Amino acid sequence: MAYLELQNLHRDFGTNKALDGIEIQLGEGEFLSLLGPSGCGKTTALRLVAGFDRPDQGRIVVDGKDVTRVAPNKRDMGMVFQAYSLFPNMTAHQNVEFGLRIRGKDRADRRKRVDDLLELVGLGHAGTRYPHQLSGGMQQRVALARALAIEPRVLLLDEPLSALDAKVRVQLREEIRRIQLELGITTLYVTHDQEEALSVSDHVAVMYRGRIEQMGSPAEMYTAPATPFVAEFIGTMNRIEATVVDPSTGTIETGGVTLTVEAARGKARGDRVLVLIRPETVEVAAANGAGANTMTGEVLTHTFLGPVTRLKIVSGQSSLIADMPTARAAALPPGSKVDAALPATEARLLDLKDDEALPQITEEPGPAGP
Amino acid sequence: MRPTRRIAPTAVIWLLIAFGYFFIPLIATFLFSLKSNQTGHCCTAANYSWVVHSSAFWHTLKISFLLAIETIVISLALFVPTIYWVHLRVPKLRPVIAFLALIPFVIPPIVMVVGLLQFFKGTPSWFYAQPWGFLAGAYVILAFPYMFFSLDAGFRSIDVHTLTEASQSLGARWGTTLVKVILPNIRSAALAGSFLTLAIVMGEFTIANLSAFNTFPIFIQYVNESQGFPAASLTLMSFAITWAAMLSLLVVGRKRGQRAAIVAGAR
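Quick note, the sequences are listed as chains U and V, same order. With my numbering, letter number 246 in the first sequence gets 246, and the count goes up by one each step, no holes. Heads up: take any position in the second sequence, counting from 1, add 1000, and you land on my numbering.
Hints may be right or wrong, so weigh each one.
To be verified - Think about it this way: if two alpha-carbon atoms lie no more than 25 Å apart in a straight line, the pair counts; the simulated PhoX-like pairs of lysine-lysine are:
#1 U:K74 with V:K1180
#2 U:K105 with U:K74
#3 U:K112 with V:K1180
#4 V:K1180 with U:K105
#5 U:K74 with U:K112
#6 V:K1092 with U:K17
#7 U:K312 with U:K337
Bear in mind the hints are in silico, worked out from the structure with no lab data behind them. As the structure is a computational prediction, the values presented were derived from the model and not from experiment.
Chain V extracted, bound-state conformation:
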């Protein structure tokens, strides 16, 4: 018979504190979101209805979500081969790249965006005036540390040299080795980096605001300034949407990479 596991009372207390820390603000926001925008009294779903029927909500949400996907795709395409090469051929360069990856943490976004706006001034309008160009580029820089450190941890958890050489000795080219052998084994790390990037892009305000693009966080800020109760419902909905997006990424990634994830866990 298996012995029953007892949970220590201190563990329960800490769990309750953690639960309260995360959920009390959400519960409070939820209660606030149920109040009528006209009377200030509870309880009505009108705020949620307003959000759902707002075309600006769907428009900005779509822009931010597509920007997040674009940033993830560019980041993965850029960083996976780079970090693979660094691990394989120039490991001495790893600390240098790790240092570079810290720069977006150190430089305030406001400084970065001013610098980027100056730097790219005069570039074609399809890049400079479009969120898919300028903003996506800025977000790739912003996501660099999150993507780098996630991928770096993934590459360090596998024997890159041996797997690469084994693949090559069997006749595979670099591209085949990367796609068929390396990538499936760092899928968990790539997913982790993608989640973080998605969360950052969905919530990024400073760069979008200063470069005058109308993204989802800009819309939230606008509603927040003008209408208190709908802003609460919008906050909760954006929270739910971001989590749903992350979960769908997880499901898609897991379906294809379940085996690799099991193996990575077993290592």
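Here chain U stands alone, though its shape is the one from the complex:
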């Protein structure tokens, strides 16, 4: 049975549909990331769960109880904010203690719990410091300890790492996951950083224009995107528009090149499809006459990514990108003629309606606040 349920949530700000009927079911102790570009509605959804805003329609259920109309201070939701939210007039210890004081816990219990939590987030030594004496990463750790202190039913994290530098971000996200697993707390995490979402979550929900495009495990989201938007948003993907020419063999045609794709078997002849191929599955070699499932083209650019180098290859009207080990990429400098072998079995296929254009990911303006 789901522990946290978001049922058909709608929220409009004027003419802007911030949430357009989202449905989420999350089991107890699970970690779900809401992922999407700015303005997709992910923070609105989180604020509804926290109780800072009310849905126009739909219900929020926690542990079988409808909390849609419950005030935020009575929901028992621990929240870590994007902006530094520690109370500036209180020390780290007092910040963590705040929720316990509100709940009337006795002094000894409060002290023990605060000390334990500060230890848990690695700040046992910093309890007497004020927020302005802590770095951004330390402040967010204290904010996490403060949110956990009240033993919340659900932990809500609203892009808590976005203001931190890259190294601290990676370190802290791993700690968040470690602590979440250790405490077994149901967690809803909002981020626009796909790497962050994929690396720490049990489930990822990709949101776009107030809707959930797809929800699944990180591996599913990466290997089996269900919509062109998810394919575009998660990781890097070659997207090739093609037409099915022989459904019995899985043959498709794009820009005068015919390819065989397992996933095209059983489609109707003439169907428009979108072929999705991850760059790391494309095999690139110096041109020596086209083999099966191969596009011949010219290397346009090299992008050094450390262990791998990303090649942009142009073939007639089409272009594709391929990742190959950096040591081997040096043998194929820009201007080289190459054969790019596309995997018949690993390519994914999405149906394109006749008039459907490929989605472009753009930063959309966030919804106007209430």
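Got chain U; can you put chain V on it based on the hints?
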């Protein structure tokens, strides 16, 4: 080794001009206050002794000081929650309130007091005939711009939304959030507004005079008209008392809000 900091000669000149502007009148007043009220010759402390032994001095001073405290308390109780709510829920209303706050600047006190006297005519005597009622109400209006703009600056220096939501998510009610989280972080602004209010009320003459209340500025004016040299000593003493009151407010406020002030400074 730290390099020695040199002060530019022009800065010294400006400092001297500023020093002269503020202190020459005080020094002149001080010298004037030392002259005998009978002979007109220097130097005697008799004028100060007269002031200290005047019961009217202590009586009116007490009235004005208590009025100032009452005005500060009412203003804070009225404006802190209002401005907090405006910042949090209806930020569009902020310019409207800022405009309203300018009205006491624009309307001359004499016009305001006539209007207020007319408006409150017929109200119970415990309000209309007492400085703690009518006069305190008028002073709250007079202090509105000073209190509003000080508090507004304080609220703008903190992230009201995030602090409020963080507090609520931890289980705090509105009152707890306001008292434990918001107020300590705008303490400097509240103190600034309180200082200004104190100074205004301690020196306000027009409204008190026209509404026939005997406050400290009325007493100063009376002495000024009747006795020149004691008036100078009274002026200096009122100056010192007002500053002492402000400093004591500062000390009380700082003791409790030192940490918040440090943080506000660090932001």
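Here is what the structure says about each hint:
1. U:K74 with V:K1180: holds, 18 Å
2. U:K105 with U:K74: holds, 16 Å
3. U:K112 with V:K1180: holds, 22 Å
4. V:K1180 with U:K105: holds, 17 Å
5. U:K74 with U:K112: Roughly 24 Å between the alpha carbons, so the hint for U:K74 and U:K112 holds.
6. V:K1092 with U:K17: The given pair, whose Cα atoms are some 22 Å apart, holds under the 25 Å limit.
7. U:K312 with U:K337: holds, 12 Å
The structure meets every hint from the earlier list without exception.
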